[in-house]
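Here the protein sequences come in this chain order: A and B.
For the first sequence, the residue numbers in the working numbering are 1 to 471.
For the second sequence, the residue numbers in the working numbering are 1 to 100.
Hints are computed from structural coordinates only; laboratory data are not their basis.
Among the hints, a few may not be true.
To give an idea of the chain A side of the interface with chain B (calculated C-beta under 10 Å), a few residues [to be verified]:
1) Gln58
2) Pro59
3) Glu129
4) Ser139
5) Gly148
6) Glu149
7) Gly168
8) Gly174
9) Ser178
10) Ala338
A short list of chain A residues far from chain B (calculated; beta carbon distances all over 10 Å) [claimed, not checked]:
11) Leu21
12) Thr121
13) Tyr136
14) Gly163
15) Thr200
16) Ala423
17) Thr433
18) Val452
Idealized CB from N, CA, C, for every residue including glycine.
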Amino acid sequence: MSSFHLMLPEYLVVGFVLLALLGNMLVGNRFRLASWLGLIGLLSSFVASASIWSHSLQPQVMISGGVVVDNYSLLVNLFVLLAGIGAILLGWGERRWGQEFPVLTMISVLGMMILGLAGNTIVLFLGIEVLSLPLYILSASEHTTAGGEAGLKYLLLGAFSSGILLFGLALLYGALGSLSFIRFASLANTTSPLLWAGFTLTLAGIFFKLGIVPFHMWVPDVYEGSPSAVTQLMAFGTKVGAAAILLRFLDWGFYLSPQWWGPALGYLAVLTMIVGNLLALPQTDLKRLLGYSGIGHAGFLLVGVATHNLDGARAMLFYLLPYGFAVLGAFAVLILVAGNQDTVTISDLKGLAGRRPLMAAFFIIVMLSFAGIPLTGGFVGKFYLLQAALFANQPGLAIGLVVGTLLGLGAYLRPVQALFSVADESRATPVWTVSGAVVLIVAVIGTIGLGVYPTPVVHLVNQSANFFWLH
Amino acid sequence: MIPINWVVGLAAIIFAIGAIGVMARRNPLIMFMSAEMMWNSAALAFIAFARQWHSMSGQIMAFLIVGTAAAEVGIGLAIIVTVYHRRHRLDVDEISGMKG
Numbered sequence: 001m002s003s004f005h006l007m008l009p010e011y012l013v014v015g016f017v018l019l020a021l022l023g024n025m026l027v028g029n030r031f032r033l034a035s036w037l038g039l040i041g042l043l044s045s046f047v048a049s050a051s052i053w054s055h056s057l058q059p060q061v062m063i064s065g066g067v068v069v070d071n072y073s074l075l076v077n078l079f080v081l082l083a084g085i086g087a088i089l090l091g092w093g094e095r096r097w098g099q100e101f102p103v104l105t106m107i108s109v110l111g112m113m114i115l116g117l118a119g120n121t122i123v124l125f126l127g128i129e130v131l132s133l134p135l136y137i138l139s140a141s142e143h144t145t146a147g148g149e150a151g152l153k154y155l156l157l158g159a160f161s162s163g164i165l166l167f168g169l170a171l172l173y174g175a176l177g178s179l180s181f182i183r184f185a186s187l188a189n190t191t192s193p194l195l196w197a198g199f200t201l202t203l204a205g206i207f208f209k210l211g212i213v214p215f216h217m218w219v220p221d222v223y224e225g226s227p228s229a230v231t232q233l234m235a236f237g238t239k240v241g242a243a244a245i246l247l248r249f250l251d252w253g254f255y256l257s258p259q260w261w262g263p264a265l266g267y268l269a270v271l272t273m274i275v276g277n278l279l280a281l282p283q284t285d286l287k288r289l290l291g292y293s294g295i296g297h298a299g300f301l302l303v304g305v306a307t308h309n310l311d312g313a314r315a316m317l318f319y320l321l322p323y324g325f326a327v328l329g330a331f332a333v334l335i336l337v338a339g340n341q342d343t344v345t346i347s348d349l350k351g352l353a354g355r356r357p358l359m360a361a362f363f364i365i366v367m368l369s370f371a372g373i374p375l376t377g378g379f380v381g382k383f384y385l386l387q388a389a390l391f392a393n394q395p396g397l398a399i400g401l402v403v404g405t406l407l408g409l410g411a412y413l414r415p416v417q418a419l420f421s422v423a424d425e426s427r428a429t430p431v432w433t434v435s436g437a438v439v440l441i442v443a444v445i446g447t448i449g450l451g452v453y454p455t456p457v458v459h460l461v462n463q464s465a466n467f468f469w470l471h
Numbered sequence: 001m002i003p004i005n006w007v008v009g010l011a012a013i014i015f016a017i018g019a020i021g022v023m024a025r026r027n028p029l030i031m032f033m034s035a036e037m038m039w040n041s042a043a044l045a046f047i048a049f050a051r052q053w054h055s056m057s058g059q060i061m062a063f064l065i066v067g068t069a070a071a072e073v074g075i076g077l078a079i080i081v082t083v084y085h086r087r088h089r090l091d092v093d094e095i096s097g098m099k100g
């Protein structure tokens, strides 16, 4: 396959970004056109990624090791494109966010796709920035005081964390003399203070993006203040991108020296799972609750990285999908319930079970998937993570995972309980919209499908995790 | 010829000043400027190491950092100006309303 064909998913997104920008300039009814172009662009990129996928695809290294197309990068493409399509559908017809919403969403998705491809630190840095810069604008696009605050916080902490990441990358380059992940593995066999400092700073920068506990302060505020569709993109897409680059960076670059990072990652994973789910308990704002739940789930993902075996990598990649479906479903309900409001609190959900039984039932399913109840995808994902932690002889991780799950159960059952309490008569009954219904139904089918019959996805994930052995 | 350690030491000092600036100052403009200083210290370190290793990739990275920083400044100043329009005060402690 030619390199053009292999990079076609990325080129398609770039092409449709340019088309949508042109369309925004030339055509009268701009918002509709840009949304359609965004949807078609991301869907065609999704189809292109799926068509490149094959069992026998050998990793294709391009641009002097900077870009690697393999089943891993294609799986990341599929996940983030799902998140992007969801964001565009959830923001369908929302004129408040302006005609640039679909364009910026596409650029941000492109950044997440680049993170899946990255094979050296230049592409890592570019991917993180292409992901973040449009999200700064998007998170500030709600015209409320909370919107401006969210944008400002995200911008300042994002620039700060990128600075830490960059200095870490510079020190790594100074210690090893190379920018390529694969070269790192053969060079990083002696410890020097320079190498150690660079490695720590780089990890801190990536943890900021992923929302791991000592670096998580920005997550709830930014999630609360951003438009809901954008929050969905951050919760699903950014997490996929950051987790993908973390796994590739550690398992390619520092595969031979897990004693540096394995224990530290394990402690952070346990801390993140417990703190994230614990802080989710008292929240009343639904987006804020989902923000803390996102922190907790970042901890679950970190378990898969910290185990440092193939099972862990597979379990982490698998867990991204049920988490993503649950995020899509939860935000679809949140947007349908919100109507023209900016925020949704738990009390806004009161009486939904009586007024919109189907919507309430779907919401219960995605919340149970978050909590990890059997027959939902979340249960299967947590099961694989637990298995990986036990296979790796790390019972501490397994205990942390169980405690985090139990705490999460409390947090997710509160909104479910509100569904059945007496409705506030002054609140209008939520109205179904076509785009919201499509996202919600896909999310629920995905959640239950993964819980009942996960085998096809497990096969995909197992193939894509094979990058682990390539050195 | 300037020893490599001096240049890297300077980069580390600039990085530390930037990091302290972000954490200690309360004006978003100054905080943003401090964050940009951290970026520039990384660019300086990359160039120094590129000379040490006699490879071009560090210099390429430095150019990319400068270009990306320009894009980030464009976006960042726009966001700061929007917030200022709504509040007419620039202090992150006052702007911060979301808690919990």
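Going down the list of hints, with the structure as the test:
Given the 10 Å rule on beta carbons, the hint for glutamine 58(A) is violated: about 25 Å separates it from the nearest Cβ of chain B. Taking 10 Å as the C-beta cut-off, the interface hint given for proline 59(A) is violated, the closest approach to chain B being about 21 Å. Because the smallest distance between the Cβ of glutamate 129(A) and any Cβ of chain B comes to about 5 Å, under 10 Å, the interface hint for this residue holds. Proximity of serine 139(A) to chain B holds as hinted, the smallest CB-CB distance being about 9 Å (cut-off 10 Å).
Below 10 Å, beta-carbon pairs count as interface contacts, and glycine 148(A) has one with chain B at about 4 Å; its hint therefore holds. The criterion of a C-beta within 10 Å of any C-beta in chain B is met by glutamate 149(A), whose closest approach is roughly 6 Å, and the hint holds. Of the supplied interface hints, the one on glycine 168(A) holds, with its beta-carbon coming within about 8 Å of a beta-carbon of chain B, less than 10 Å. Below 10 Å, beta-carbon pairs count as interface contacts, and glycine 174(A) has one with chain B at about 4 Å; its hint therefore holds.
Checking serine 178(A) against chain B by beta carbon gives a least distance of about 8 Å; that is within 10 Å, so the hint holds. The interface hint given for alanine 338(A) is broken, as the beta carbon of that residue sits about 17 Å from the closest beta carbon of chain B, more than 10 Å. Distance check for leucine 21(A) against chain B: the nearest CB is about 15 Å away, which clears 10 Å, and the non-interface claim stands. For threonine 121(A), the requirement that its beta carbon stay farther than 10 Å from each beta carbon of chain B is not met, with the minimum near 7 Å.
The Cβ of tyrosine 136(A) sits about 5 Å from the closest Cβ of chain B, inside the 10 Å cut-off, so the non-interface label is violated. With 10 Å as the threshold on Cβ separation, the claim that glycine 163(A) sits away from chain B is violated: the shortest Cβ distance comes to roughly 3 Å. Distance to chain B confirms threonine 200(A) as a non-interface residue, since its nearest Cβ pair spans about 14 Å, more than 10 Å. Residue-level check passed: alanine 423(A) sits 26 Å from the nearest beta carbon of chain B, beyond 10 Å.
Interface exclusion of threonine 433(A) from chain B stands, the closest Cβ pair being 28 Å apart, more than 10 Å. For valine 452(A), the condition that its CB be more than 10 Å from all CB atoms of chain B holds, with the nearest at approximately 37 Å.
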